[in-house]
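Residues per chain are reported as follows:
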Amino acid sequence: MRFNFVFGLFLVSVVVLAALLAGLLAPFHPIMDADLMSSELPPGAPHWMGTDAQGRDVLSRILYGARVSLMVGVVSQIINSTIGAALGISAGYFGGVWDDFVNGLTNVMLAIPSLVFALAIMAVLGPGLPSLLIALGLTNWSWTCRIARGSTLSLKSQSFVLAAKAAGFSDWNIMRTQILPNIVGPLLVIGTLGIGSAVLAEAALSFLGIGIRPPTPSWGNMLTDARELLRTAPWAAIFPGLAIFVTVLGFNLLGDGLRDMLDPHMRTRRE
Amino acid sequence: MMGFVLRRVLQMIPTILAVVLIIFFIFSVVPGSFLTSLMAEGRNMTNADVLAQMNAQFGLDDPIPVRLWNYVSGLLQFDLGISYRTREPVTSVLGPRLWPSVQLAIAAMTFAAAVGIPLGFMAALRPGSLFDSLTMVTAVSGLSVPEFWLGLLLMYVFALQLGWLPSFGYQENSLRHLVLPAIALGVSPMALLARTTRAGVLDVMNADFVRTARAKGVSEPRLVRAHITRNVLVLVLTTMGLQIGSLMGQAIVIEKLFSWPGIGSLLVDSVSVRDIPVVQGAVLVIVLWFLVINMLVDIAYALIDPRIKVA
Amino acid sequence: MPNPDPLLSVRDLRVQVGRRGPQILHGINLDILPGETYGLVGESGSGKSVTGLSIMGLLKRPLNVSAGSIHYQDQNLLKLAPRARRRLRGDRIAMIFQEPMTALNPVASIGTQIAEMFVIHRGLDWPAARRRAVEALDSVQVPSPEERARAYPHQLSGGMRQRVMIAIALACRPDLLIADEPTTALDVTVQAGVLKLIDELCRAEGTAVLLVSHDLGVIANMCQRVGVMDRGRLIEEQDTVALFSNPLHPYTRGLLAARPRLGSRVEGGRKRLTELEEIVPPNARGHDAPTLVTPRGVRAARAEATA
Amino acid sequence: MLNRLSLAAALTLATALASATSALAQADTPQPGGKLVFVAPYGGSITSLDITATPHAQDEIVAKAMNASLYSWNADTNQPELELAESVEKSADGKTYTYKLRDATFHNGAKLTADDVIYSYNRLGDPKRALPGAEQILRIAGAAEYQAGTADSISGLKKIDDRTVEITMTDINDPGWQLMSNFAPIYSKDYPEDQLASKPNGLGPFKLANYVPGAKVELEKFDGYYEEGKPYLDRLDIMLMEEAAARDVAFRNGEIDVNVLGPTQYAAYRAEPALAENLLEVAEVYTRNIGFNPKVEAFKDKRVRQAINYAIDKDLIVTKLLKDKAYPAVSWLPVSSPAFDKDARPYPFDPEKAKALLAEAGYADNLSFSVTAQPNESWGIPIVEAIIPMLARVGVTVTTDPVDGSVFSDKLLADDFQAYIWSNSSGPDPLHYLRCFHSKTPQSACNYVKFSNPEFDALLDQAGAEPDHDKQTALLKQANNMLQDEAPVWFFNYNKAVMGVQPWVHGLKPNSVELAIQDYQDVWIDDTAPASRRQ
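Protein chains in written order, with numbering that gives the first Met the number 0: chain A, 0 to 270; chain B, 0 to 310; chain C, 0 to 306; chain D, 0 to 534.
Quick caveat, the hints were computed from the structure, so don't treat them as lab data.
The structure displayed is predicted, hence computed values, not measured ones.
All C-beta atoms, glycine included, are put in the ideal place defined by N, C-alpha and C.
Hints should not be assumed to be uniformly reliable.
[Claimed, not checked] Sample of chain C residues with no beta-carbon within 12 Å of chain B, all distances over it, derived: (1) 11; (2) 26; (3) 82; (4) 99; (5) 138; (6) 192; (7) 203; (8) 234; (9) 236.
[Said to hold, decoys possible] Once the Cα atoms are required to be at most 20 Å apart in a straight line, the calculated EDC-like pairs of lysine to aspartate or glutamate come out as: (10) 127(D) with 48(B); (11) 127(D) with 87(B); (12) 59(C) with 87(B); (13) 59(C) with 60(B); (14) 110(D) with 236(D); (15) 127(D) with 61(B); (16) 299(D) with 359(D); (17) 198(D) with 87(B); (18) 410(D) with 219(B); (19) 229(D) with 521(D); (20) 110(D) with 173(D); (21) 59(C) with 48(B); (22) 354(D) with 300(D); (23) 439(D) with 171(B); (24) 34(D) with 171(B); (25) 354(D) with 296(D); (26) 127(D) with 60(B); (27) 352(D) with 312(D); (28) 59(C) with 61(B); (29) 89(D) with 160(D); (30) 110(D) with 161(D); (31) 34(D) with 236(D); (32) 158(D) with 193(D); (33) 195(C) with 35(C); (34) 410(D) with 207(B); (35) 198(D) with 236(D).
[Claimed, not checked] Computed from the model, here is a short list of chain A residues facing chain D with C-beta under 10 Å: (36) 1; (37) 28; (38) 32; (39) 33; (40) 35.
Given these sequences and hints, build the entire structure.
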């Protein structure tokens with residue numbers, strides 16, 4: 000199953016390259032090159048993926064949209080992982096009341112579906128990239144937290160941690176240098192898979208009308224705007240849909256592959 | 000068993016209270032209000048006096064602590080308040096939405112389990128085969144599609160092109176209307192279940208007791224049926240429980256798309272008109288559903304796995 | 000070959016990883032006579048367990064038999080249809096494993112797991128099979144068998160579970176029992192009892208035993224004949240007494256020499272003989288005194304080995 | 000020139016279509032029986048079955064089937080007409096009206112009396128109930144006092160006898176404009192108020208059979224309806240469907256009988272002959288516009304506001320983005336308004352002139368503002384997206400401020416915006432809707448751009464006091480043209496509402512107030528309807 004990792008990495012690299020090189024690759028400006036006279040043109044030169052209802056080049060918008068989607072996915076996942084790891088490690092390490100509190104909080108977060116939570120936060124903050132990052136970054140850390148906590152609990156009593164403690168390392172140092180490096184693997188796996196879900200969440204929130212602030216191109220907005228064009232100008236809806244699919248698929252495969260590589264148990268299981 | 004249930008119910012209370020507080024505070028700082036939502040259509044010019052009267056009637060001009068106190072003390076008497084929008088008790092607004100939501104969640108889960116578990120099983124029985132690879136690629140793909148996109152495609156294909164199923168709506172006592180939304184909603188849990196089942200079966204197949212069973216001369220069908228299934232079920236049950244528990248909240252997009260009268264679409268509508276009591280109530284229902292389902296899953300565990308006791 | 004009429008005869012058995020991978024067994028030849036107890040000894044990785052699993056037909060992919068034959072009575076097991084081979088399994092040739100903690104299905108009751116044998120091999124209905132299961136439990140000296148039949152594996156101790164395994168294996172009075180390290184995972188205090196039970200029951204029924212073990216003491220106590228395996232080859236085969244008194248192969252000599260003794264440091268071949276940490280009493284043999292090992296001695300030896 | 004042509008063409012088309020449809024409706028004699036599956040497209044749910052508790056068009060679509068008001072809107076003559084009264088007499092001062100009520104029955108069997116009228120209007124105006132419909136009766140004499148709490152009831156309502164009621168207004172304008180509102184229906188005074196939301200009891204042609212909140216309202220024919228032989232239909236189902244793509248599938252699939260179309264579907268339906276034949280179109284009385292907040296210094300300058308009107312090619316947006324599902328706007332009042340000046344010409348697309356005006360005003364390339372907008376496809380974010388590059392070409396930077404409905408109004412009421420794009424009612428009553436630009440109208444009511452021009456105020460005051468209809472119209476026309484020159488907003492378009500109708504449905508009317516609100520009692524289906532509609 001190394002295939003997962005390689006193919007996932009390939010897809011993700013393509014998307015990352017698209018995002019980085021959008022400025023070079025995109026034949027048109029994603030916002031200003033809007034000519035209503037050439038709206039809803041089918042794919043063909045010079046619009047290789049056609050144009051949308053506003054007459055904007057779909058390809059260019061997808062390329063620039065990759066920036067937004069990656070930004071949403073990666074940044075929100077970094078926030079999630081940071082919160083989850085910080086809470087999980089500290090809860091597992093210190094135990095006691097703090098552990099109870101973190102546990103309770105995690106249960107609450109698990110009980111409110113993240114889309115509902117994100118919806119509420121977006122209602123407060125209003126549409127836009129920063130709000131989206133916060134909404135998706137604050138609502139999806141419960142699994143990270145659980146796993147970090149569980150791993151910390153089992154690491155806590157191991158000899159190297161005890162030795163570090165005996166050697167007089169501070170708690171902060173032990174958590175940072177002894178525990179964190181040992182749980183980075185699983186966190187990386189959850190994080191990678193989480194990037195995929197965040198990209199999907201962006202699409203879902205756009206559908207509900209609370210995503211990225213137009214006219215900034217985002218795949219969720221493109222898909223949402225074009226959903227009625229499915230019959231008359233399918234390209235405007237199909238290409239952003241494919242972009243989302245490929246990206247999420249890439250991160251999911253990458254996450255699976257990472258897990259297989261990091262968890263030898265899983266690997267033998269898939270012999 | 001009763002003791003277990005009682006204990007679990009008591010444990011839910013702090014969670015529920017926390018949810019109430021979180022949602023309350025989020026919506027106490029939310030911009031816009033029910034009153035301003037009334038004029039969003041631009042159709043009616045709103046009279047300032049009428050607005051002021053409505054404000055007073057709903058207690059919207061009370062300070063936040065007073066509103067919180069009123070809400071929580073009402074909640075303790077199972078009073079969820081009055082909907083700003085319909086002016087009915089929140090319970091009677093939520094009531095009719097509950098069954099469609101539950102129906103959709105159960106139908107989606109049934110689809111997910113009926114397809115995902117056998118797929119996962121079959122894939123695991125031939126690990127590395129073409130079927131296995133195809134199934135798993137399909138599963139990962141199922142997890143990678145925006146669901147409204149999928150719903151829309153299903154609508155076009157099965158309702159419009161083939162004319163097999165109605166494209167939208169809710170009909171009492173009609174399963175036909177349930178099919179498309181249930182599939183659209185069920186695809187992602189289906190994919191998850193297929194993966195979990197496959198991993199679980201592979202795990203169990205490697206277990207020593209399976210070798211024992213083979214050494215006993217148990218036939219393959221019986222091996223799968225009597226020895227593997229139940230052990231896998233224990234693993235799969237967790238995934239199923241978490242999925243069905245969160246389906247009610249995840250259904251928002253699908254409910255909107257298919258005009259399904261569930262809690263999710265009620266929640267979105269209520270958020271957009273700032274009908275806060277209903278938003279609170281809907282979130283509460285979604286959370287309760289999650290907690291109760293998880294309790295039921297734990298009970299089911301105990302029934303399936305003798306190692307776990309709930310008493 | 001000492002006996003013209005073996006119960007099981009293995010010829011040139013070769014096992015390979017996949018189609019092109021390395022060979023695990025390099026042509027094993029082996030005969031087991033009716034009613035005898037044959038010991039297979041060697042370090043871990045020498046192929047003794049693989050030999051046992053090959054006979055049962057329980058090799059796990061990618062391991063597979065690439066050549067050779069295994070004759071049970073008149074039939075070549077390797078040429079048998081899967082269905083026919085399955086019928087033999089458990090019924091005529093049974094096996095017990097090293098790990099009693101995990102070898103039983105955790106979600107089925109003990110009684111059911113034993114009764115299953117009667118259902119699949121004797122065609123009994125479940126109630127009758129369950130009654131027979133209680134009897135079987137009784138015969139492996141499990142106290143209050145009716146109660147235990149309703150219990151689940153996790154409620155039993157390791158020794159009890161291994162007794163349950165024996166009850167399952169011997170339920171259909173097989174001709175051959177393959178016991179793969181049956182006591183290795185057990186507490187030393189119960190090892191003796193379990194070995195004694197296997198020995199008694201098999202002798203009573205005339206069941207032949209292929210005892211796979213790395214424990215020379217166990218082999219010495221239980222077996223009439225011993226085969227020594229090293230890196231996938233059967234390198235020596237002798238009567239137990241002869242082997243211990245006059246090992247022919249240098250490897251066997253090394254093996255015997257590496258036996259840890261009380262009070263002495265383990266020397267020579269330690270690196271490869273990691274499993275050997277128990278004591279074979281000099282000239283120990285016969286069935287009435289299964290072992291002379293004392294818990295204290297083993298603990299001491301263990302402490303030494305890990306030091 | 001182009002603008003003028005397209006406007007003229009649009010007008011002709013609208014008239015032609017309107018007459019074509021009514022001709023179609025009369026082509027056959029109505030057949031009784033069957034079921035119509037209607038659609039309420041403005042939300043996934045309705046607020047309440049009690050229309051007085053809500054201000055939404057979505058609820059009106061349902062309420063229209065169950066209730067009746069004193070007046071109703073005649074979609075053919077574009078005038079309010081008497082509904083629950085057989086006749087009316089106007090007093091000499093033009094303020095007091097005496098109505099002779101018709102013989103009508105409520106769904107619960109009670110008879111309509113003068114007391115019901117007085118009860119209904121008092122209930123609407125009751126400050127303790129705080130009903131949004133209160134706005135409709137504020138022109139009745141004494142309503143303001145009742146609202147303010149200085150009177151126990153509305154003094155302008157008087158019972159003469161059981162079937163006769165007298166209503167006194169505060170001014171001389173036709174009370175029909177407000178009292179025809181579906182938000183001011185007549186309820187039975189004896190009916191328990193707490194049942195209005197669950198078991199509504201109205202005078203309308205259909206009564207409630209089954210309500211599935213968030214999904215649909217099923218209605219059945221009310222046998223005691225006051226119009227002889229009506230309604231034709233036995234059953235009426237109203238589906239609550241917000242998602243346009245889903246409605247499209249359902250309509251094409253024959254699951255619903257009508258579909259209110261957005262621009263995309265409009266273009267698609269027009270391109271398919273089978274669907275194009277059965278489109279019902281009307282110029283609705285909504286004006287889409289971008290309002291400029293004078294809080295932004297530049298917007299205080301008339302030249303800047305005019306420049307924006309010149310800089311945007313609205314014809315192009317209307318054709319390409321709205322697929323001609325709109326009429327480019329000239330000024331505030333829509334084409335169907337009696338005070339619409341047919342000789343007035345919209346701002347032409349002239350970026351050079353725009354640049355010149357901006358330069359003159361000192362904003363050659365340093366004007367930037369954000370437009371607060373809802374997601375709506377015809378008057379929301381997509382329109383702002385389209386004007387961004389157009390205004391960039393004259394040196395104006397535009398950004399979007401996307402919000403949902405409640406935040407939108409919140410920002411407007413709080414004066415927390417630089418510009419907004421919206422769709423506002425601009426009819427049918429021209430005086431009422433031009434008043435939004437009267438300096439005395441507060442920002443919170445509807446003068447969102449805080450427009451203040453003494454000349455304009457004077458014109459409106461004069462028109463309000465003018466008893467002669469034609470003279471009043473002339474004054475309003477003048478005011479409307481003045482508004483165009485002042486350009487307090489960017490005049491974008493007047494909505495063209497379009498409804499796709501299944502071929503078996505007859506009797507729907509091009510209602511310019513709101514196309515989705517139909518006189519259900521006049522609707523019937525013919526033999527070609529599928530079996531599911533005819534059982």
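### Query
For which of the previously enumerated hints does the structure constitute a violation, in increasing order of number?
Checked against the structure, the hints that fail are numbers 3, 4, 12, 13, 14, 18, 20, 21, 23, 28, 32, 34, 36, while the rest are satisfied.
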